[in-house]
Every structure is written in structure tokens, then in C-alpha cells.
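As they're listed, the protein sequences go chains W and B.
The numbering used here puts the first sequence at residues 162 to 580.
The numbering used here puts the second sequence at residues 126 to 464.
Wrong hints could be hidden among the right ones.
Unchecked claim - Restricting the straight-line Cα-Cα distance to at most 35 Å, the calculated cross-link-like pairs of lysine-lysine (DSBU-like) are:
(1) 482(W) <-> 528(W)
(2) 359(W) <-> 387(W)
(3) 553(W) <-> 391(B)
(4) 528(W) <-> 499(W)
(5) 229(W) <-> 528(W)
(6) 553(W) <-> 312(B)
Keep in mind that the hints were calculated from the coordinates and are not lab data.
Model, not experiment: these values are computed from the prediction.
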Amino acid sequence: MSEPRLHVPEVPARPGEEPDFSYVRISPAGAVPRPPIGVAVRETVPLAEDLIRVLDDNGTAIGPWDPKLPPDTLRAGLREMLLTRVFDDRMQRTQRQGRISFYVRSWGEEAVSVAAAHALRPGDMLFPSYRNQGLFIGRGTPVLDLMCQLLSNTHDMCKGRQLPVMYHDAPRRLFSISGNLATQYPQAVGWAMAAAIKGEDHIAAAWVGEGSTAEADFHHAMLFAKVYRAPVVLNVVNNQWAISTFQGFAGGEQRSFAARGPGLGLAGLRIDGNDFLAVYAATAWAAERARAGYGATLIEHVTYRAGAHSTSDDPSRYRPKDEFPAWPLGDPVERLKKHLSGLGEWDDARHTALLAELETEVAAAWKQAMSYGTNNDGARLDPALMFEDVFKVLPPHLEAQRAELEAELAAARDAGAAT
Amino acid sequence: MTAMSMVQALNSAMEVMLARDPRVVILGEDVGYFGGVFRATEGLQSRYGAHRVIDTPIAEGGIVGAAIGMAANGLRPVAEIQFADYIYPAYDQIVSELARMRYRSAAAFTAPVTIRTPCGGGIRGGQTHSQSPEGVFAHVSGLKVVMPSNPYDAKGMLIAAIEDDDPVIFFEPKRVYNGPFDGDPQKPAESWAGHPMGEVPEGHYTVPIGKAAVVRAGNAVTVVTYGTMVHVCLAAVADLGLDAEVVDVRSMVPLDIDTLAASVAKTGRCLIAHEATRFGGYGAELSASLQERCFWHLQAPIQRVAGWDTPYPHAFEWEYFPGRLRVRRALEALMQVSA
Chain W
162 MSEPRLHVPE VPARPGEEPD FSYVRISPAG AVPRPPIGVA VRETVPLAED
212 LIRVLDDNGT AIGPWDPKLP PDTLRAGLRE MLLTRVFDDR MQRTQRQGRI
262 SFYVRSWGEE AVSVAAAHAL RPGDMLFPSY RNQGLFIGRG TPVLDLMCQL
312 LSNTHDMCKG RQLPVMYHDA PRRLFSISGN LATQYPQAVG WAMAAAIKGE
362 DHIAAAWVGE GSTAEADFHH AMLFAKVYRA PVVLNVVNNQ WAISTFQGFA
412 GGEQRSFAAR GPGLGLAGLR IDGNDFLAVY AATAWAAERA RAGYGATLIE
462 HVTYRAGAHS TSDDPSRYRP KDEFPAWPLG DPVERLKKHL SGLGEWDDAR
512 HTALLAELET EVAAAWKQAM SYGTNNDGAR LDPALMFEDV FKVLPPHLEA
562 QRAELEAELA AARDAGAAT
Chain B
126 MTAMSMVQAL NSAMEVMLAR DPRVVILGED VGYFGGVFRA TEGLQSRYGA
176 HRVIDTPIAE GGIVGAAIGM AANGLRPVAE IQFADYIYPA YDQIVSELAR
226 MRYRSAAAFT APVTIRTPCG GGIRGGQTHS QSPEGVFAHV SGLKVVMPSN
276 PYDAKGMLIA AIEDDDPVIF FEPKRVYNGP FDGDPQKPAE SWAGHPMGEV
326 PEGHYTVPIG KAAVVRAGNA VTVVTYGTMV HVCLAAVADL GLDAEVVDVR
376 SMVPLDIDTL AASVAKTGRC LIAHEATRFG GYGAELSASL QERCFWHLQA
426 PIQRVAGWDT PYPHAFEWEY FPGRLRVRRA LEALMQVSA
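So here's chain W without its partners, still in its complex pose (with noise of 0.2 Å):
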């Protein structure tokens, strides 16, 4: 018998081992060149391959690439970012005190969302995975009403239909999270083929995880976006796992995500999802591209998942334990609040009292969803409401169902009562 010789990707580091992020090309600030958005999809291949980064270690903006945003913009970015990441964090207890039944953080991601949000416009349709709660934050969706749907109540936006965190805000132009995967990147460029068909100008941009690049969805949403150069803008979040498996296993050995795009003959960014001001200069190029009508841009967002996949998940049993620390791009809050500061706009006392602010903020939030009712207890919406919203209009072997599941709550109560 001979060597197997399939290859198989392999983890650099594993629990109790010395995290090793040095597979991962990092170009230093300011040197990738930033084109002209009207720029031929050959010429990106560049940018797909390299990283591009606008805030260095000392937390200045250099090159190109800087988007010179107000100190106002980068403020209320900083304040979101940290309030997905205060909610996150109580949501993330709230679910081990078994006061909801899930919950996916997405701690070390929150540029990502944040700037993105920031950089589109409030007509354009964004199509979140399940770890971009910082775009409906970003957005302005109240918390209140995303802890109304993590506890299913009286004032979920999905009628107790959906799993904890597949949230949507249609008046804010967030698209429905689906909760399988890929699914939203071909809708995305559908929605983006319409706005043509209309002739308006609104783009739609979609997220997943790289692992999620694997599935046929994302191959047909580029090659729909190429041929009919749908204004949309394509997001890849490689935050480097997929549960336990690490970006390998999606094909990221050797070439970027991002050179799937120019592979498919869209553009291609890979940037640093860690710096604010990457994503959201990445995103605006990208967004201006399309809207002038130059197609779309695959964005590979460069990240680290700080935390666990979601609740239901142990990260200690496949990667070393200490391994944020260790990611070479650093944490995107801290390094947006280094370049505030820097700037002269921020200081540690004003970062304490804003956090203070937010976590009194989410307190009372979450107090007032909970009056709503709970998973366990208080309030809770009308069972029969499952019947409602699988059509327009209730068809009869629906409507004997409901009057089945009301006689048999009937029949409960008043068994109930005999007891």
C-alpha cells in the first residue's frame, strides 16, 4: 500500500497549540492603489490578491484608499459598532440564562456590518447572513425590536416564526434573513436585476461567510450579477471558521476569496475587515461602481470570529483558546477608537461614558422586550397566528386546521380545569 496522497487542508494551529495566523497575506497600509471605478475587472486582480488597508498600527488613515470621513461619521460608526457589541454581549448571557433559545455574536466582525451600512445609501436593499446585526444596527433598527424577535413575543417582527436572530426591517430596507445558507446572494442579484429593469438607481448588496462560498447559490449569484451587470454589491466575510472548520475547507488555500470575483468577471477587493475606514472606502468604491453601471464587486472582508460560531457551539474543542489576541488585523473597535483619538476626537473618558450609555441603553431595552413576554412566561402571541402568512388569503384546508388546533386548546384548558 503507498502513501495516500490526497491532500487535505490542514488547521495550522489546534487547541493547546500556539495560534499561527502567518498564512494570512497582509499588505501594509496605504499601498494598494486605489483605480478608477470604471476600472477593467482584469485590472483588480491586483486588489483581489493583496489587502487593503486604510488605519496602521498607530491607528492613522494613509493612502488612497482613506475615505477623509467627518469625525461625526466616525463617532456614530464607533457608537454602533460598540452597541452591537454591548448587545451582543448581553444577548449572549441572556441566552445562558435561558431567557431566549439561541444566539449568534458577532464580536470581532463589527466593521464589517457597521461600515458598510454607513456607506450605502438608505435605498439600497441589503441582504444580511445571520452574523450582520450590525447592519440593522448601522440602520437605525431599534434593539428593542431585535430582542423582541430573539424572544419570539407579543412584538416580534416574525410572529414567532423564525429562529432567534433572522431578523428583517423592511421600512429600513433589511432583507429577511433565511437561516440556510447562500440562498440570499442569487436573490440579491435578482433584486439588483429589477432595480435595472426599473431603471432606478438603488443597488442591493448581500454578506456571507466564506465558508457559505461553497454552496452552488453563491457561483450562480456571480454569474447572474456578471452577465447581466446587476448593480450589486457582493460581500464575502472570511472571519477564517465555518463552526470548526477553518476557511480551508471553502477553498481558501492559495488564492483569496476575493479572486473569485475577477475568476467570474466581477471586480474583486480583499480588504481588511478589522478597519473601519477599508470597509467602508471598499464598499463605497464598490457601490459607486455599480450604481454608474459598471457591474458588481466581490469584497472579501478579511476578519477573525472572536467568539464561538453561535451558542450552541465550543470553539475550545477545535482552535487555541487564545487566539483573538493574536489575529494580526486586531479588533475593530479598538483600532477605530486609536484613530479617533489620534485624530483628537475621542478619549478614554468619553469611550467609558459612551459605554456606560449603551449598556444602560440595552438594560432598558431589554427590560421593556421583556414585558412583551418571554419564551417562558408573560405574554405570549396566539398560537393560531401559524396559520396566517403561509398564503395571502387563509385557504379552506388551512382554515379547518386552525379550527382543529383551537378545539384542541380548547380541550387543554378545559382539562385543565378539571385537574
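Add chain B to chain W, keeping to what the hints say.
Below, chain B without anything else, positioned relative to chain W:
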């Protein structure tokens, strides 16, 4: 009224809707310049433009995924899947996304998409061009599933589907695209010309989704069927000279169980006939629902005639197809049972 084949009637339905409603777009493989492999979209692109009658890549999942996004952005997409046998790459988008968009978002987002797809056998299509997968879609909550059996219904039901605010899977029994088929493959092909259901209005009209049609009145036995099998069953009934009532289901979901049950309660006997495989097929749902309602009226157990539980074989098409002989034998056996 004009004599139309089913293909012409479907073309007319899409033409009417493209003219009437700027939100309507058509997309699919070969549907544009060429007009579709069965010619259902012939001439539509030249009249309504390449941005409304859109040729697509060969990616059924992409077609349906894009159609969902288009619908969420206010369009009324009519997606063609070239053969029902090719629909499975889109199955996840249909089942997990299209069917549940209204539900999961509590109606904040909806996906009024019509998916047209030719189904059924009898065209020497072998196992990849002959399937009848209506059962696997009827089983999914949130989809309307229909199958017309003639040009008049095809046009009226397709317009109703496009105007429906919910997704509709629209199966087209391709063996009767160009004429009714009585189950005898040796006979010269018939045309729809001269058939009463081949007389089709030029303009807008609808045939409501969710309503069955009694296509032949009778008292001795009820034959519940749909698609190509409507014509096969009518021929078998005529062969036997039976006083049979033949009911065309037309709409699998929502099902017009009242019309079906009224007939079975009247006749006391019921044969269910479809081309699709038998085990776990849509006929099983019909049988179960009818016996729940009609048990005390039944003179005999409800029987099913269907395709065998095998893939659709190329060389043995007519031994596979539930033809007139199989229907006759089932009816004869059913009529001999006395309670």
C-alpha cells in the same frame, strides 16, 4: 374565441400579461430570442424587449433565486424551468425560500413568482424528460401547485397564477401541448382545433386556482385525475361505456376537496389516476382525503392508477405509462366490487 393549442394559449397568457402589467417579466433558458424549446414564449422578446423576456444561464437555482429577488423588488417574474426534470437544482430556493418568504417575514416581504415547467411523459423523453414531480411540491407548505389539462384552462390559470400574490408552481403536461391524447401512441396526433377547450379568448380572463372541474358527468363511478390523464381516462370510460363522472383536479394546492368529495359521495366509487409514481404520490393524498370524507358512501375501496414506482424508462415508455388499458382494467375491477 380563437382555436389555440395549449402552447399558443400559454403564449397568449404571457402576452396578455406583458402588455397589461409592466411588472411582468419572463426569464429562463432559451425563452428569449428563440422563444423556448416548446415555443411557449415565441415572439415575446421581439415585442417586449430583452429586458422583459430574459434568456438566462443554465442554472435553475440561479433562475429561481433571481426571480425571488425580482419579486421582492416589485416585479412579477414568470420563470420557465425547461423540463420539470431539471427543477431540482432550484428545489432549495423553491422550498426554503420562495415558499416561506411571506411566512418567515410575517408578510414584510413576499415572492409572487410563477414557475412554469413542462412535465409528464409520452414524448419519448426517457427518465430525464418525463417526470411528474407535482407531489414533491404539493407537499411543501406555502406553494400553490396547479396543472391544467387543456388550452382554455392553461391560459386562464396562467393569468391567475401571474396575478396571484403567492408563488405558483405551474405544471404543463407537455404530451397535450399540441393536442389531446387518448393514450394510444399509434394513432396520428390529434390537434386542439375543434376541441371545445381549444377555443380560447384572445384577451384577459382567469380560471381560478383552487377549483376542480367536472369534465364529464356521471353516476356510477368517479374518476379523479389531472393533466394528460384526463384525456386518457375519458377515452377509457368511453371504451367501457361507463356512466362515469370524470373530475379534473386542476389545482393540487389548494385542493377543491368539496367538488371531489361531492362526486364520490354521489357515485360511491372512486378511481384516482395520475402519471406520477404511485408510492407516496399525490394520489395517496387524494385517496386519504376522500375516504375521510366519503367512507360511509363507498361501495368499494378507492383505487389508484399511476406510473410504476421506477424511473421513467425510455424503451418501455408505453408499458410504463398508465394508459387506457390500465385505466380500463382498474375501472372494471372497481365496478365488480360490491359492498
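Structure-based check of each hint:
Between residue 482(W) and residue 528(W), the direct Cα distance comes to roughly 33 Å. Compliance with the 35 Å bound is thereby established for this hinted pair. About 19 Å separates the Cα atoms of residue 359(W) and residue 387(W), which keeps this hinted pair within 35 Å; it holds. Between residue 553(W) and residue 391(B), the direct Cα distance comes to roughly 33 Å. Compliance with the 35 Å bound is thereby established for this hinted pair. With a C-alpha separation of about 33 Å, the suggested pair residue 528(W) and residue 499(W) falls inside the 35 Å cut-off, and the hint holds.
For the hint linking residue 229(W) to residue 528(W), the alpha-carbon distance of about 39 Å lies beyond 35 Å, and the restraint is violated. A distance of roughly 45 Å separates the Cα atoms of residue 553(W) and residue 312(B); the hinted pair therefore is violated under the 35 Å criterion.
The structure does not agree with the numbered hints 5 and 6 stated previously, though it agrees with the rest.
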